[in-house]
Each structure stands twice: as C-alpha cells, then as structure tokens.
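Chemist: Here are the chains, one letter per residue:
Protein chains: 4
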Amino acid sequence: MNGNAFGTIFRVSTYGESHGPAVGAVIDGCPSGVALAAADFLEDMQRRSGGAQPFTTPRAESDHVEIESGVYEGVTTGTPIALRVRNETQKSSDYEAFRHLPRPGHADLTTHLKHGHRDHRGGGRSSARETVARVAAGVVAKKILRHEGIEILAWVSRVGPHALASVDALPMASLKQARDASPLLAPAENSLLVEVEKLRERHDSWGGALRCRVEGLPAGLGEPVFDKLQALLGHALLSLPAAVAFAAGGGEALSRLPGSAIRDAIGPDARPESNRHGGLLGGMTSGLPLFLDVAFHAPTSIPQPIKSVHLQTNNVESILVGGRHDAFPLPRAVPMVEAMVAITLVDALLRAGRLRENLGVPAKE
Amino acid sequence: MNGNAFGTIFRVSTYGESHGPAVGAVIDGCPSGVALAAADFLEDMQRRSGGAQPFTTPRAESDHVEIESGVYEGVTTGTPIALRVRNETQKSSDYEAFRHLPRPGHADLTTHLKHGHRDHRGGGRSSARETVARVAAGVVAKKILRHEGIEILAWVSRVGPHALASVDALPMASLKQARDASPLLAPAENSLLVEVEKLRERHDSWGGALRCRVEGLPAGLGEPVFDKLQALLGHALLSLPAAVAFAAGGGEALSRLPGSAIRDAIGPDARPESNRHGGLLGGMTSGLPLFLDVAFHAPTSIPQPIKSVHLQTNNVESILVGGRHDAFPLPRAVPMVEAMVAITLVDALLRAGRLRENLGVPAKE
Amino acid sequence: MNGNAFGTIFRVSTYGESHGPAVGAVIDGCPSGVALAAADFLEDMQRRSGGAQPFTTPRAESDHVEIESGVYEGVTTGTPIALRVRNETQKSSDYEAFRHLPRPGHADLTTHLKHGHRDHRGGGRSSARETVARVAAGVVAKKILRHEGIEILAWVSRVGPHALASVDALPMASLKQARDASPLLAPAENSLLVEVEKLRERHDSWGGALRCRVEGLPAGLGEPVFDKLQALLGHALLSLPAAVAFAAGGGEALSRLPGSAIRDAIGPDARPESNRHGGLLGGMTSGLPLFLDVAFHAPTSIPQPIKSVHLQTNNVESILVGGRHDAFPLPRAVPMVEAMVAITLVDALLRAGRLRENLGVPAKE
Amino acid sequence: MNGNAFGTIFRVSTYGESHGPAVGAVIDGCPSGVALAAADFLEDMQRRSGGAQPFTTPRAESDHVEIESGVYEGVTTGTPIALRVRNETQKSSDYEAFRHLPRPGHADLTTHLKHGHRDHRGGGRSSARETVARVAAGVVAKKILRHEGIEILAWVSRVGPHALASVDALPMASLKQARDASPLLAPAENSLLVEVEKLRERHDSWGGALRCRVEGLPAGLGEPVFDKLQALLGHALLSLPAAVAFAAGGGEALSRLPGSAIRDAIGPDARPESNRHGGLLGGMTSGLPLFLDVAFHAPTSIPQPIKSVHLQTNNVESILVGGRHDAFPLPRAVPMVEAMVAITLVDALLRAGRLRENLGVPAKE
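Chains as they are written, first to last, in this note's numbering: chain A, 1 to 365; chain B, 366 to 730; chain C, 731 to 1095; chain D, 1096 to 1460.
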C-alpha cells in the first residue's frame, strides 16, 4: 500500500483513475515565490496527450489544469499546490467486456490478484491517463529548475529495434530545435515514420528508448549511499508505465569497457576534462552534463486476438482489445520523462539545503 | 542529506567509513520470531570479501558480524537489529597521497565538492567497504524470505563485453549448483578466466553484468504508481557502487520487440501461460519467476597513471593509484545484489500487510 | 516545507485555502474492500460546520464531499482516495483590510515571516476551513476501525475554566447518547450554555478541552521507542488549530500521584485488573479502553480592537476583526479529534501488519 | 513496526537493549563542518545517568560515547554519525524472576502481547537505558543549534504534586545558574529534597513535570498543517519513557482564559509586544522565546509488592521489584528533554532549507 507519492521534501502525490471524474497531483514542499499560471501547463499537456504527434492515440484530450490551492495572485505561497484535470471523454461501455477478462500484458491481472476489487474501465489507475498528474507536477518542478539555471531535455533515441545516431554532441539549443522539428521527437530522424506507419497497419506496435540530458546542475547533488542520484532517478523513471530499463551517467556502455577507457582526468578548478562519466561520479553530480536512458516496452493494447481467462468462470477465451491503438507512443513519454527528472532534481536540491522555503522574497529572520 | 537508509517499514540504516573503527547496519522494522545467529552471516560475508574468488582483492577480511541488539536467545524480538563489523586491516598511510588529489573515476571529487570536509582514506564512505553493512542486512532479509518460501539467486551474466549464454531455463537448484561451481560465479563459463587474468596483467579491469532470479513470490507485490516493484528494485540496485544500468522483468530486450511478441496469454487460475513479462505486470508480481539485470562499470582503481588536480594548489599532477587491484570484482557483487533484492522484497511484503509484526509466536489479541 | 501529510502507510495529504476553489484530502494506503459513499460524510461534516450547535459560526456550510478516485461501485479499490469539498460562501472582500495587517493571535504574522507571499483571505491555509479535509479522511478511517470492532468517541470535557464531571464510568453507548443530547456536546452539562451566551454578548470567547475514549483496541498497538502510541496521537492532535496541550492514557493526573497509586495489578489472561494506566503501557495499548485529552485555546477572532502593524509601512494601527464570531467552537472540534485519532489508529494497525491490503475479498496468492 | 527513528532530514535511529552489549544512535542527515569530539558528550551523559543528583539510581554508569563514523579529524563529514555506548554493569540474573512475570506499570506486558518473544532483562528496549542514545544524538543537535545562536534549557518545574514558582522571567543565564545549583535541577527550590527523601524511605516515588525554554529561534519555523512545531515537539517529547502530557507555547493555561486575555498586540518590525503565545503562533515560531511543558508519571519500579500473572501458567502471583529504586528521576530527564527538543529543531531548520549540507566550508557550486 501507499505507493502514490514521490519525493522527500518536494513530495508529489497523485490520484485518479482513467474513467473517474478527474486525475490530479498535490505537491507538498514547493517553496513560495514561484510564478505559476494555468497557461504554463499547456505545452507539456499537449505533448503528453499526443495531439501533436502522428501515430499516437486519436483521443483529443484538452487536459486543462486547474490550480486549486497553493498559488495566490499568480505566485506560489508555500502551501500544497493542488493540480486537477477533469476526465472528459469517457466511454466506459467500451471496457465492459474486460470487467472479468484481464487484458494480457496489462496490470489488469495483477491488480485483480492484489486488490480483488478494481475499476477495470480503461485500466483504472494503471492507465497512462495517470501520467497527466505527473506531467503537471513536472511543469512546476521545471519552473523551479529554470530559475536555478538548470535545463532538462528528453528525446526519442530508439524506435523499436532502430537506435538513432547520437546527438550528444549537439548544443542544448540545437538539440531542442532538432527534437521539436521531428514528428517522432527523435532529432534528425524521419525515415522511421514509414516503418511506424506500416507497423500500425499490421495492428502492431513498438516501444523503444528515450534519452535525457540535464545541463546547469551544481556539483555534489545526490545522497549516497542509498539515495545516489542515479538510484533516485532510476526509481522515478522506472515508475513510468511500460518502463523496463534505465541507465545513468555513462550508461550501460561503460560496463562493456575496460577501466582504462572510462576514467576522466581531473583538470584545474576541480573540473573533469571529459565526460565519459556522463555527469555522475559516486552517485553525485560532477557539474558536467548529466545523461539518462529509459527503455519502454511496446504497447500491448493492439488489435490482435489473444487468450485470457474469465476471472469468475475460469474459462479461457480469446479476446480482442479494440479502441485506440498507439503504434508508437514514445513521443508522448517525452514530457513524462522530463517531469520525473525535474521532480527528482528539485527534491535533491531541497534535501541538500540548496533551496530555501521562500524563493521570491528575501527571508526575514 | 539523509541518504543512508532504505525501506519504508523494513528500514535498513548503514554507517561506517572504510578506515574508521567499524561499519554497521541497523534494521528497524524486522518482525519478531526470526531465528538469527552470527554464523548465518559467514557465507555471504566471505563471498563479498572475495576470499573465495580469484582476481579479486587479496584483502583478507574476516568480517565477523556482531549482533548488538534485537536478538535474544537466538531469535529476533522486533526491536532494532544492530549489526556491526569491525574494520581491522587498515593502512591509512597508503592514502595520504590522495588527501588533496581526488582519484579520477571515484567519488573523491564529488564528495569534496558536496561536503568540503571528508575522510579521504580508502574512499571513506564511498568505499566498497560500505557494502559489508548491506550484505549483513541482506542475510536477515533472506532468512525472512526463505521462511515465506521465496528464493533469490544472482550470478555473473556478462564479463566486460562478453555476454554469457542464458541459463534462465535451468531449474533453480541446478542454476545455484552451476554458479557455485564457477570461480567467476558465472554458471557454465570458465573460459573467460584466462581473459580476466590477462587483463589483470595489463593493469586493467572489467565490469559487466549480474542477473538475478526470484522464485516463490506471491502475486500482486509492488505498489503502483510510484513504487512499482521495478522502481523500488531499481532504486535499491542502482545504489550499489559502480552500478550504471538496471532492467527488470522482460528487460531491455522487450523494448526492441513489437507488441505482438511480448504478450503472454492468461490461462486457468489467472496464471500467465508463459513468462515473456519476466514476472512483472504493471509494476506488480505475476507469481511467475522474476528476473532482474544490473550492469556495473569496471573498477577505476587500476595501476595506470592519470591526471588529477591538487585541491589546494590547483596544480594538475599525474597520480597512480596503487594498492589492491580488482581486475574483475563482479563475483563480489553477487551477495550485494541478493541483499538489496531481499531487503526490497521484505519491505514490499510488510507494506502490503502480508507479514505481521510477530512471525514466530501466535499473536494474542 | 512539506508538512501537509500525516501517516506512514495510511497517509493523508490535504490541500486547500479558506477562500480558494476547494479543499481536499488524498488518502494513500487505504486497503481495498471498504464500503464508502458520499452519504457517509454527512454527519461529521455537519458537526464540523457547527450547523447543529448554538454559539458557533453562523456560516451555513453545505460541505458536500465528492469522491474523485479510489472507490468503484461503492467500494474502495486500494488506489488513492481523493476527497474534495468545494468552497462556496466566500466573501474575500471582508479580508482586504488584513492583507498587510496580521491579526494578533493568528498565523498571519508567522506565515508572512515564513513564506513572504501568502493568501491572506480568511487565514488562507491556516483557516479552520482546512479541517474539512481532515474530517473527511477521518470518516474513512472510522469506517475501517468499525469493521475491526474499534469505536472512538470524543466529547467536550471542559468549557473555558469549567471542568465537567467525569463521565469515564459510563458505558460507551450511554456516553454517546448523553453527548449527542447536549448542545455543547458536553455530556450531562447544559448549565454552561448561559455562560457561553453571556461571553458571546461581551464579544469574547472560550477555549477548553475535549476528552476522547477508544474501545475495542487490540493489545500491543504502538511502535516504541519514538512512535509510541501517545507520541503519534500527540503529533496528530497537537496539529489541530488552536491545540495547546495533550495528555494520553492516565493523563496528567498520573504525574501528580506517587508510584504506589498508579500501578494496575495484572490478572489472568494477561489482563490488567484496573485501568489507571488509561489503556497505554510503555507506549503500547493494553487492550483496555484508551483515554486522551486535548486542550484548545479560545478563538482570537473576537470583535474587540487590538493593535497590529502594517507590514509595508511598519505603522502600528488598531484593528477590529469583524465577521463571524465563535464564542465557543469546541463542539466543532469533536469530529476533528475523532478524525485524527482514527487516522492514527488505522495507520498503526497497518504498520503492525494487522490489516492486509485487501480487506473485503479473500486474497489469492 | 519501525518506530526507532525520528526526523525527516536530521534523522536519528537508535538501537540497543538494557542488558545487551551496547546502545547506540546513528544520525543521518547531519551537515558537514560541525566540530565534534567524545568529550562533548560527558556533561549530558553524566546528568542522564544521575551520577550528580541525589535520590536517583545508584548505578554508576560511565557511558563513554564512541564515535564510530561521520567524524574525521574532529569535524563532521556529512556521512552518518554512529554513536555507541557499551553497556557495562549488567546483572541479568536480577531479572530472571520476571522472565514470565510482567511487572505492572511497565511495558513488559504490552511488549509480550505485541512481539511474543522479548528480552525481559531490565526491561530490554523499554528500559530508560535506551535514552542514552537519544541524549548522545541530542548533544550533536545542540552543537548545531548553538552555532546558529539557539539555546535550549530544561528544568524541573513540578515535583509530584508540588508546582514550583515560575522562573519564566529570569534571563537565560540566571536560569541556567539557578538550575545547576539545585540538586533537583529545580531552580530556586530545595525544600522538597526532604519530601523526596521521605518518599524514598516509604518505598515510593514521584513523577512531576519539566519546563523547557528555547531562545534565539528564527521566526517561521514549523510546517503546518500536520507538522506544526508543537506537533513535532509533542511527538518527540511524548516518546520519552513515562511521559504522559505535553503543552506548548502558552500551554494549558491558555485554554482556561477568554480570547480577550490571550492575544499579543503586534508592534513595529512585525514583533509581538508580549509573549502570552509562548513563542508559537499557528504552529510556527514567532521569534520570541518558546516554552514547553512535559509531565512524567512516577516510576513504577518501587519495592512494594503487587500482583501479576505468570504468562505460561496463568497463575496470579505477588511480585516485588527489587534492585534500584529511583524515588524522583526527573532531574535525569533534563538532558533527555533538551535532546529531543534539539533534534526536532535541527530537523525543522533543515526541512526549511535554513541549513545547507555543508556548514563549515564555503560551498563550491
């Protein structure tokens, strides 16, 4: 029980089922003095809903974020920030067939085995709809980080089995531009659009991987031994729907190289002269750009029949999951990854005493 | 600050520096009624110290675990279990050269940037010596799991760039036998011994990967949305020294396949008919065997010169880290991985109310 | 930062300002299988709003609780329960005068000194309006406790300086009947109504004390050494607005008696033969009725002038807090106290592994 | 389970039984840069052991604190501080009679009912011996506070039923002097010595109350709504052995007065002109001196016979608790109260971002 909050000081609690009245996030531990308005959420909400990308769900989600507390006259007050998004387009009847027939590859079965009673409609709490709340909270975290000079950028780095060429060497601004110009949010890579379209026509889907880069971090962030920064980030990102693997810093590649090939000499002013370590040394930031990788499995809601069992009769039946079909949803994961990274980093700054409870107005002690 | 404890109910706090008087773990939240004696720790302590493996550090660590509280007449009482291991073979003078010269590829630099003042001897708190405490706590967790019919087994699955053949199909007992028969704790793979020996002679080192399998788990374990089981396990395992990547369930391979190739049909009694999902569905256990992968980078303490900076003079100098040299320390990580997995699983059982505070004596209410 | 959640497993997070759009609670860690409907909240919401008592605020608060997640077809599912109450009767203009003039005896001043920027309207987050969310969460906790055979009853035991005669000896049902028959929720005491009315006419107010009794508790509840049950209950109850003192078990009276007068002999079946200890021994329940006392200071929002300072001009001015005037709000605190006690006890049961994650449907493992 | 740690960032975990090999505390979350040596602990350890006071236990406890990690060359490093005190004078055989006979008025009975298996010797974990660890951790917290200009002073304010005259008006230095001059640590009150001596001869005991004052606090400390400062302090202090009641700020007296008598006008520079509120407004510090009261029940280990039950035979027997007899142990509680207050305040400063992770050396970011 009790797995719906993340963070030690900057703590985000989320609630809401796919077909309930609303989903939302409550952020406890946000400093006062941060400018925040409903319009701040539009871009990430739009990106998450897939409205701007091809091949993703046709669901037209408006996803307007209402701020229900914690902000007064456009500025945070230090009290809990409640963010709420109503669920509008619900066709619960679509899911009546799955009330007692768990969809293979989904949380339906394990939720049933855990809790006995569940909201089966649209996957209930295990629906990707849940990520609305994370992305909303991430917008707040990103605003705080930007104030501290820290920028986060995630992009699609692998489409199913097709790894894209590295863009690590690009400056942050160029990378952002290239990403935003790609319908797949995969910088400099458009040829795979045709492949994804073919896959969709075959009623199939792909997962893949996202890569994320963070610039402007102070050195020494992260709390060894159990809360090394990669451990906190791994926790955060592996909690996303369909996430199956995570790597940090130099990543998995480091584990294939000899020790002589992975060290970075240290130069004047305590600054590493190269970044093979990918921004992390001993679980703490080095001050150089930080890199992260997350892999997601393909969507299992595809219009191909598969066998399942009726939970009441114990009869095995063939089922077909209809409705929406995301052939390649990874572009929608971009704001989710950025959100979880941002939330983790703000919390790390607060735990280290590097942000006070009052950011905007000089404290009077 | 405050990153030296792990777990919500079964909470393990560790302390101790490499060259201080002792390292230790305090376990808060262990049920009463678990048989525990100093002898229980011997096997994992020996394995962690590398005493039984070739190519690992020649340090002869006895690592005797003293139980200082929480156990009375050989059985846990429900109060905190304090486990303490004295540090015996200390040559602090070996490290005097590195007082102001951070070793590249280590936490020396980032610890300095974070805390200013540090115990530089042997890496202080960032030394692998710290894992003594984790392994000791893991022994307690494994005893509880065994009592519940849950078994954990980790083994070396990749040696530097060399991935070993899959042993997933072996029964648990055969797998354990094969692992224990291998000097590298890599089932059915001895030819790499020669490669590792050559590497050691070249003053270099390898990382690689471990794979872990858990059997006997009940279904429904894990707490979505933020504390999905893979998120908790990822947090736990990515906190190990040198860990750079983690995968759970079907693992990274799943992210390269189409959706049609990764689903498992569900058969009678709500049981998946195959285990492509690797034991996890929607962040909860399915009741089938659980698989995990962790990758570690190579040791950076190799006897090859590299440049570093003097933190007081800001002069760049060439340094040579002498002393022990682990060409391939991954066999030592086997009990560390098993420990962190066991600690995570016991905590997950407790959070779900599946273990009471009194295991051994019928409760009187 | 981060003080708006309570509990380890059964964790209640609240949000909302007095004059914002809504206040709410999110309960994470509630087992599945608990019947819950909007109607369950009516009685405690009505009592909290003071609608049924004389001398309390004339504010007619409907306070309808909307369940936004965690309940499906009338039964909890184990996912977060989001409870939301809209704020309807807002006259923010009443408070414009206090934007820069902190009301003495309120949190206005300290909130300003802490956060710089605040929602001054109606006290913002420090308004008693915040307790709506607690009381709502308490209703859920009381339903779980009732299912376990545990009953909680709080009543007014002191009106300003006037302590009422002890009713500890009454059976629970009679006590409840006597309480509910009293306009002051003070069993068997109506003569003070006249005193309170006089006080109100003098533009003044009274605090006092509440006493609370819990029956049906299992023995051994509470987690020494830091989370003794009285410590957890004290934390919970001292967090209520205007709470100034707390006592548990035998209470403060015990501290005035010699050791020979406070012990209870232990009889057959490990049962104390009397209850001088008030249900607590060594921080754990004994299985006998548990008693608690909480004292509250008088409301400071009274229509008598007092000096304050203008936070921008630093000029001292005389201010008069108008609007509603609660001469004796303690009856409204009855459901608040019951709520905080219930929340604490459900969490204590969960921490001890005495409630599973699935209450209503037999677990399938 | 899991009640042996306190604090969110500055987190103190304790372990150890009365008759085990050692008791200890691990502090996670202490900033680097604090000077700390074994000698710092002497005064409070001596006071806790009662060596300097009459009427308290004759047990001659040396209680030397060993620092096992977290301090290098006399200064904290930011890693966990492990403090360990060996138990030396153990006569376990004294307790053999109580193995199956719970002592009335003690935790023996409830520990048995909770955990089934327990270390009965000397009360095990429920012994006052446990407070050694708290007091040691408190010494570290007090050093940090002193560095911030914050001073804590506790004293005996009531001896059994005899309340001493208020000393609130004394300056801090005079108060400390008066306290330290009194054998009872009760400023300006020695006449009760005779009473206590008579009580001891009658084989009886007294509890009473301590009062505590804190000066130098910044304004705005405390985290409403659930972690108001009085709630955190109440939690901390009610966790002490034998604590039965707690009051904060203006205390219980406030709850007996009309609203018109408890407000403090606010003067220039946002400073209250009087301190009826006792340093707390709305759960946050006002910047004026903070006052706290804690009441303790009398020791129940007195040499007078009482009935108990044999837990195996269910026979009721008369038992006599011999050995040490503290007629009035409250002077020993003085360092315990100061410790818990200090720990709570350091944690509150850290949660508010008012202390960084590195106190002594300028951070390099």
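Treat the hints loosely; a few may be bogus.
[To be verified] EDC-like, lysine to aspartate or glutamate: derived pairs with alpha carbons at most 16 Å apart:
#, chain 1, residue 1, chain 2, residue 2
1, B, Lys-672, A, Glu-273
2, A, Lys-307, B, Glu-638
3, A, Lys-176, A, Glu-215
4, B, Lys-672, B, Glu-682
5, C, Lys-1037, D, Glu-1138
6, A, Lys-143, A, Glu-273
7, A, Lys-307, A, Glu-317
8, D, Lys-1402, C, Glu-919
9, C, Lys-1037, C, Glu-1047
10, B, Lys-541, B, Glu-513
11, C, Lys-1037, D, Glu-1246
12, A, Lys-176, A, Glu-151
13, B, Lys-672, A, Asp-269
14, B, Lys-541, B, Glu-562
15, D, Lys-1271, D, Glu-1243
16, A, Lys-143, A, Glu-96
17, D, Lys-1402, C, Glu-1003
18, D, Lys-1271, D, Glu-1138
19, D, Lys-1271, D, Glu-1246
20, B, Lys-508, B, Asp-405
21, C, Lys-906, C, Glu-927
22, B, Lys-508, B, Asp-634
23, C, Lys-906, C, Glu-931
24, A, Lys-307, B, Asp-405
Keep in mind that the hints were calculated from the coordinates and are not lab data.
Chemist: Verify the proposed pairing of Lys-307(A) with Glu-638(B), using a straight-line Cα cut of 16 Å.
Modeler: holds (10 Å)
Chemist: Between Lys-672(B) and Glu-273(A), does the CA-CA distance stay at or below 16 Å?
Modeler: Answer holds: Lys-672(B) to Glu-273(A) is near 10 Å, not above 16 Å.
Chemist: Hinted pair, alpha-carbon criterion (16 Å max): Lys-1037(C), Glu-1138(D). Please report holds or violated.
Modeler: violated (45 Å)
Chemist: Would you mind confirming whether the straight-line C-alpha gap from Lys-541(B) to Glu-513(B) stays at or under 16 Å?
Modeler: violated (19 Å)
Chemist: Under the criterion that the straight-line Cα-Cα distance not exceed 16 Å, is the pair Lys-672(B), Glu-682(B) satisfied?
Modeler: holds (5 Å)
Chemist: Does the structure keep Lys-176(A) and Glu-215(A) at a Cα separation of 16 Å or less?
Modeler: holds (13 Å)
Chemist: Given the hint that Lys-307(A) pairs with Glu-317(A), does the C-alpha gap stay at or below 16 Å?
Modeler: holds (5 Å)
Chemist: For a C-alpha distance cap of 16 Å, please report whether Lys-176(A) and Glu-151(A) respect it.
Modeler: holds (11 Å)
Chemist: Would the hint linking Lys-508(B) and Asp-405(B) be met if the CA-CA limit is 16 Å?
Modeler: Given pair Lys-508(B), Asp-405(B) holds - Cα atoms ~9 Å apart, limit 16 Å.
Chemist: Taken at face value, is the distance from the CA of Glu-1246(D) to the CA of Lys-1271(D) at most 16 Å?
Modeler: Holds - the C-alpha atoms of Glu-1246(D) and Lys-1271(D) are around 11 Å apart, at most 16 Å.
Chemist: Under the criterion that the straight-line Cα-Cα distance not exceed 16 Å, is the pair Lys-1037(C), Glu-1246(D) satisfied?
Modeler: Cα-Cα ~30 Å, so violated.
Chemist: Taking only the CA atoms, is the gap from Lys-307(A) to Asp-405(B) under or equal to 16 Å?
Modeler: violated (46 Å)
Hint violations for this structure: numbers 5, 6, 8, 10, 11, 14, 15, 16, 21, 22, 23 and 24, all remaining hints satisfied.
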